[in-house]
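Be aware that the sequence shown starts at 1, since it is given in the numbering used here, and climbs by one per residue.
It is possible that part of the hints are untrue.
Cut-off 27 Å, straight-line C-alpha distance, at most; resulting in silico cross-link-like pairs (DSSO-like, lysine-lysine) [to be verified]:
no., residue 1, residue 2
1, Lys342, Lys254
2, Lys260, Lys310
3, Lys152, Lys342
Source of the hints: derived by calculation from the structure; they are not laboratory data.
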Amino acid sequence: MVTTLSDLNRSEERRAKPFPNAWAGSNSKGNASGTKKFAEGQNQNMIMNGQTSYTRRGGFQMSVSKNEDIFWSQNVEHPKHWQTFCLMCIPCFIGHPFSKTRLKDYLRFFLSTIVWISIIQIIYFIVSCSIGGFASPSDNPMLGPSSDTLLKLGAKYVYGICHRYEIYRLVVPIFMHAGILHIATNLIAQYFLGLGYERQWTFLRFLPIYFVSGIGGNLLSCVALPDNISVGASGAIMGLFGAKIGNIICRFSKISHLEKISYFISMSIFLVVMFAMSFFPNVDWAGHLGGLLCGLLMGFLLFGIYIPIKIIAILVMLISFLLLLAFFLTFSLLLALVIGPKYTEP
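Please construct the entire structure, taking both the sequences and the accompanying hints into account.
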């Protein structure tokens, strides 16, 4: 059998086709160029109109969502509104649950640092309940261990920080929770906010924001509410939200008008709800506020590079760093020189 040059060319053209003929163009002669134009047109539509870009891998449809805050891939070609909502809750029901796209999502989920932080928090809560048992609902309405047990395990305690130099009490409370209701609400918030934010920012930015905000919230709580024994990751979670606000402000000129409206509505609702909850009994409002402020400053510091004008970007990052440094120095000095000396050995 003799193979001619024209046969080889036709074979190469068939292997080069990434899409079916119905997508490529109307005539067979313009298939290759039609395919290229179709792909370029889809990318342009995604950029200009906020649509979704699709590619085919492994026999299943893989999609890249325009919503950057959603952790899970859409996994279907034309998702409906209810499917987009379900991506935040039960993504395994959207598309084939074991497609290559979804399997990559599962792997990325178990490699996420926020997942392992949540696992540590769950283990810490189980240990605290095992050691001290459950307090009566009148003593702890959150349905958890007593305050004595929380103190032994590292809760925020001003006397221990100032006189025993137990600085770890500014960090350990991030992994502790006062009860079942407390840890459940925080884990849900971490799931909805943390997963998408970590995928968008990478763990190199996510972890500093999370822990700096949590420590900053505990520090402000020591100064504003020195008599309270506090635990919880609420300050760190509020810091993630504050960093997202800074991220949006830095990228404001690159965000579409529709996204700006959507962000404004969702964040306004979140702030109002969290502000109202901060003044409920047994809720540390200072920890929430300190975490939000530190997260906002961290957002400007880490995402200021996205500001189009370089000189403004440098100034924003420099000012945010100085304000963050001033926050920790100011409240550390207040705690050591003003608040701490008022407390004696209990």
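Going down the list of hints, with the structure as the test:
no.: 1; hint: Lys342 <-> Lys254; result: 51 Å, violated
no.: 2; hint: Lys260 <-> Lys310; result: 23 Å, holds
no.: 3; hint: Lys152 <-> Lys342; result: 22 Å, holds
Going down the numbered hints, you'll see the structure goes against just number 1.
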